[in-house]
Amino acid sequence: MKNFITKNRLISFSAVALLFVLWKLISLWTASDQLIPSPEKTLMAVADIISRESFWPSLLTTIGRGMLGFAISLVLAILVGVPAGMNATFRLVFNPLLVTFRSTPVISLILLAIIWLGNEMVPVFIAVLTMFPIICTNIIDGIRNVDKDLVEMGTTYRIKRRRIITGIYLPSISPFLTSGISNALGFGWRAIIIGEVLAQPRFGVGTQMQNAQIFLQVSELIAWTLIAILVSSLFEFIVRRAEKKLVRWK
Amino acid sequence: MNLELKNINKAYGGLEIFNSFSVSLKGGSINCILGPSGCGKTTLLNIISGSVSPDSGIRDDFSDLRLSYVFQEPRLLPWKTVKENIAFVLRERMGNEELQQRIDEYISLVQLGKFGDYYPSALSGGMKQRVSLARAFSYDSDIILMDEPFKALDYKLKYNLIEQFFKLWEKDKRTVIFVTHDVDEALQISHQLFLFSNPPVRITDQFLIPEDQNKKDKLRSVLLEKLNGE
Chain A
9 MKNFITKNRL ISFSAVALLF VLWKLISLWT ASDQLIPSPE KTLMAVADII SRESFWPSLL
69 TTIGRGMLGF AISLVLAILV GVPAGMNATF RLVFNPLLVT FRSTPVISLI LLAIIWLGNE
129 MVPVFIAVLT MFPIICTNII DGIRNVDKDL VEMGTTYRIK RRRIITGIYL PSISPFLTSG
189 ISNALGFGWR AIIIGEVLAQ PRFGVGTQMQ NAQIFLQVSE LIAWTLIAIL VSSLFEFIVR
249 RAEKKLVRWK
Chain B
236 MNLELKNINK AYGGLEIFNS FSVSLKGGSI NCILGPSGCG KTTLLNIISG SVSPDSGIRD
296 DFSDLRLSYV FQEPRLLPWK TVKENIAFVL RERMGNEELQ QRIDEYISLV QLGKFGDYYP
356 SALSGGMKQR VSLARAFSYD SDIILMDEPF KALDYKLKYN LIEQFFKLWE KDKRTVIFVT
416 HDVDEALQIS HQLFLFSNPP VRITDQFLIP EDQNKKDKLR SVLLEKLNGE
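Note that the protein sequences, when read in sequence, are chains A and B. The first sequence lines up with residues 9 to 258 when you count with the working numbering. The second sequence lines up with residues 236 to 465 when you count with the working numbering.
Honestly, the hints are just simulated from the structure, not real lab data. Note that the coordinates shown come from a computational prediction; the quantities given were computed from them, not determined experimentally. Glycine included, each C-beta is placed from N, C-alpha and C at the ideal position. Just so you know, not all the hints are guaranteed correct.
[Stated by the list, open to error] Mimicking BS3-like on lysine-lysine, the simulated pairs with C-alpha atoms at most 25 Å apart in a straight line are:
| no. | chain 1 | residue 1 | chain 2 | residue 2 |
| --- | --- | --- | --- | --- |
| 1 | B | Lys451 | B | Lys393 |
| 2 | B | Lys406 | B | Lys393 |
| 3 | B | Lys318 | A | Lys156 |
| 4 | A | Lys168 | B | Lys318 |
| 5 | B | Lys318 | B | Lys406 |
| 6 | B | Lys450 | B | Lys393 |
| 7 | A | Lys168 | B | Lys315 |
| 8 | A | Lys253 | A | Lys15 |
| 9 | B | Lys349 | B | Lys391 |
| 10 | A | Lys253 | B | Lys363 |
| 11 | B | Lys315 | A | Lys253 |
| 12 | A | Lys253 | B | Lys349 |
| 13 | B | Lys315 | A | Lys252 |
| 14 | A | Lys252 | B | Lys318 |
| 15 | B | Lys386 | A | Lys156 |
| 16 | B | Lys318 | B | Lys349 |
| 17 | B | Lys363 | B | Lys349 |
| 18 | A | Lys156 | B | Lys363 |
| 19 | B | Lys386 | B | Lys461 |
| 20 | B | Lys393 | B | Lys408 |
| 21 | A | Lys253 | B | Lys318 |
| 22 | B | Lys363 | B | Lys393 |
| 23 | A | Lys168 | A | Lys156 |
| 24 | B | Lys391 | B | Lys402 |
| 25 | B | Lys315 | A | Lys156 |
| 26 | B | Lys408 | B | Lys318 |
[To be verified] Here are the simulated distance ranges between beta carbons:
| no. | chain 1 | residue 1 | chain 2 | residue 2 | range |
| --- | --- | --- | --- | --- | --- |
| 27 | B | Gly263 | A | Val107 | 53 to 63 Å |
| 28 | B | Ser255 | A | Ile80 | 35 to 45 Å |
| 29 | A | Phe28 | B | Pro313 | 26 to 36 Å |
| 30 | A | Met75 | B | Glu308 | 37 to 47 Å |
| 31 | A | Asp157 | B | Gly262 | 27 to 37 Å |
| 32 | B | Gln335 | A | Thr14 | 47 to 57 Å |
| 33 | A | Leu87 | B | Asp440 | 54 to 64 Å |
| 34 | A | Met75 | B | Lys386 | 46 to 56 Å |
| 35 | A | Met94 | B | Pro313 | 17 to 27 Å |
| 36 | B | Lys453 | A | Thr97 | 55 to 65 Å |
| 37 | B | Gly273 | A | Trp257 | 31 to 41 Å |
| 38 | A | Asp157 | B | Tyr247 | 13 to 23 Å |
| 39 | B | Asp407 | A | Arg17 | 53 to 63 Å |
Produce the entire structure from the sequences given, and follow the hints as far as they go.
What follows is the structure, given as structure tokens:
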């Protein structure tokens, strides 16, 4: 089993290494740092960015926006999703709204938000609009998926309502919730950066990317992208870990 | 103490299941309800358990009585181990020490002592149903309701499980109401047997099950004839 895991790690690692080799070859072929800077030049740019005074404020502000957007989305999704999952009428009212939300192009919302809101709040707003419907839909599906037979078993044995909720409802919903959260974080993170590029708040990864783009600093633009990917993977990893703990029984 | 149901009426849509139906079930023994599929046997159990209310009629006040229910399917919580599944129904009734003792006692009675920390997904169908039996008997109920709990099992497993059921029952001889459409199962398990007709349900016959094997065999052919005649 352990051997197996190391082998899988090795394969994943080789894939990333192969990507870097390809990148290097292409950069040699184009021979232009303006178009495709070499991996080592980009990694140097990463180091340079990290050493700058503006790095941590930019990164942390973006992460903070993500967390704030996520927290708002989660609370809203629970407030709407729980009653909608329990009650058919409520669901009928909310379903068209959710469908509309999910199919609205993010860019329309960004453009509207720039008009309606201040620059600092636009990315958070976008994040909520992206993440809320995903989490909410998952909560509704999770609640509707609760096995009525198990609930009946609980009431027959006269188990208290509170324990039926914590012992039957929550564990059945949790796999839906974690997959919703993991999806939402992935989409939300990208939406925030798009929001920052367009709204240009004072600090933010997107703001920095936009600046690099204006000055044609391609290596810097790619370096920020690498940083964004890294942070996103880190969050993904944390959610997966939590998920594994929650659904151990599978 | 007997359990009385009087003049029960219950209809689903246009279908009348019970029309002034009455029955008196004997306390402290195993009552078997035998009848064709879809004759309202499960509905009767659900009326007793309170999960279905009759349209009208008098039911003894069961609200003080505690019930265990062995369903057709095991209905175990997949995210809890065997021990945790039993603990889930016992927790509100006893302290931790007694709880652990009770669980150990009952899972070894159904020969699952080694599997206490397994999740249901790792158990076979028969093992899961044994957990369900252990859960029902470990819970200090006044009545145990059983709805064709051996239906999905093969012959050998079924008789193994019936043996374990008797072992559990002998401990405190609780009132059991056992529903089945299987004549052999009914003869093997019950003390008295109520033969149900198709809806609207009547009790067409009522038997005390004889100990003697010859008399049992005779009763068996009588029952088979009556069931097929319906």
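Status of each hint after checking the structure:
no., hint, verdict
1, Lys451(B) to Lys393(B), "holds, 19 Å"
2, Lys406(B) to Lys393(B), "holds, 20 Å"
3, Lys318(B) to Lys156(A), "holds, 22 Å"
4, Lys168(A) to Lys318(B), "holds, 19 Å"
5, Lys318(B) to Lys406(B), "holds, 20 Å"
6, Lys450(B) to Lys393(B), "holds, 23 Å"
7, Lys168(A) to Lys315(B), "holds, 18 Å"
8, Lys253(A) to Lys15(A), "holds, 23 Å"
9, Lys349(B) to Lys391(B), "holds, 22 Å"
10, Lys253(A) to Lys363(B), "holds, 24 Å"
11, Lys315(B) to Lys253(A), "holds, 13 Å"
12, Lys253(A) to Lys349(B), "holds, 24 Å"
13, Lys315(B) to Lys252(A), "holds, 15 Å"
14, Lys252(A) to Lys318(B), "holds, 21 Å"
15, Lys386(B) to Lys156(A), "holds, 21 Å"
16, Lys318(B) to Lys349(B), "holds, 11 Å"
17, Lys363(B) to Lys349(B), "holds, 14 Å"
18, Lys156(A) to Lys363(B), "holds, 19 Å"
19, Lys386(B) to Lys461(B), "holds, 21 Å"
20, Lys393(B) to Lys408(B), "holds, 21 Å"
21, Lys253(A) to Lys318(B), "holds, 19 Å"
22, Lys363(B) to Lys393(B), "holds, 13 Å"
23, Lys168(A) to Lys156(A), "holds, 16 Å"
24, Lys391(B) to Lys402(B), "holds, 17 Å"
25, Lys315(B) to Lys156(A), "holds, 17 Å"
26, Lys408(B) to Lys318(B), "holds, 24 Å"
27, Gly263(B) to Val107(A): 53 to 63 Å, "holds, 59 Å"
28, Ser255(B) to Ile80(A): 35 to 45 Å, "violated, 59 Å"
29, Phe28(A) to Pro313(B): 26 to 36 Å, "violated, 43 Å"
30, Met75(A) to Glu308(B): 37 to 47 Å, "holds, 43 Å"
31, Asp157(A) to Gly262(B): 27 to 37 Å, "holds, 28 Å"
32, Gln335(B) to Thr14(A): 47 to 57 Å, "violated, 39 Å"
33, Leu87(A) to Asp440(B): 54 to 64 Å, "holds, 58 Å"
34, Met75(A) to Lys386(B): 46 to 56 Å, "holds, 52 Å"
35, Met94(A) to Pro313(B): 17 to 27 Å, "holds, 22 Å"
36, Lys453(B) to Thr97(A): 55 to 65 Å, "holds, 59 Å"
37, Gly273(B) to Trp257(A): 31 to 41 Å, "holds, 35 Å"
38, Asp157(A) to Tyr247(B): 13 to 23 Å, "holds, 19 Å"
39, Asp407(B) to Arg17(A): 53 to 63 Å, "holds, 56 Å"
Figure legend: structure checked against the earlier numbered hints; hints not met, in rising order: 28, 29, 32.
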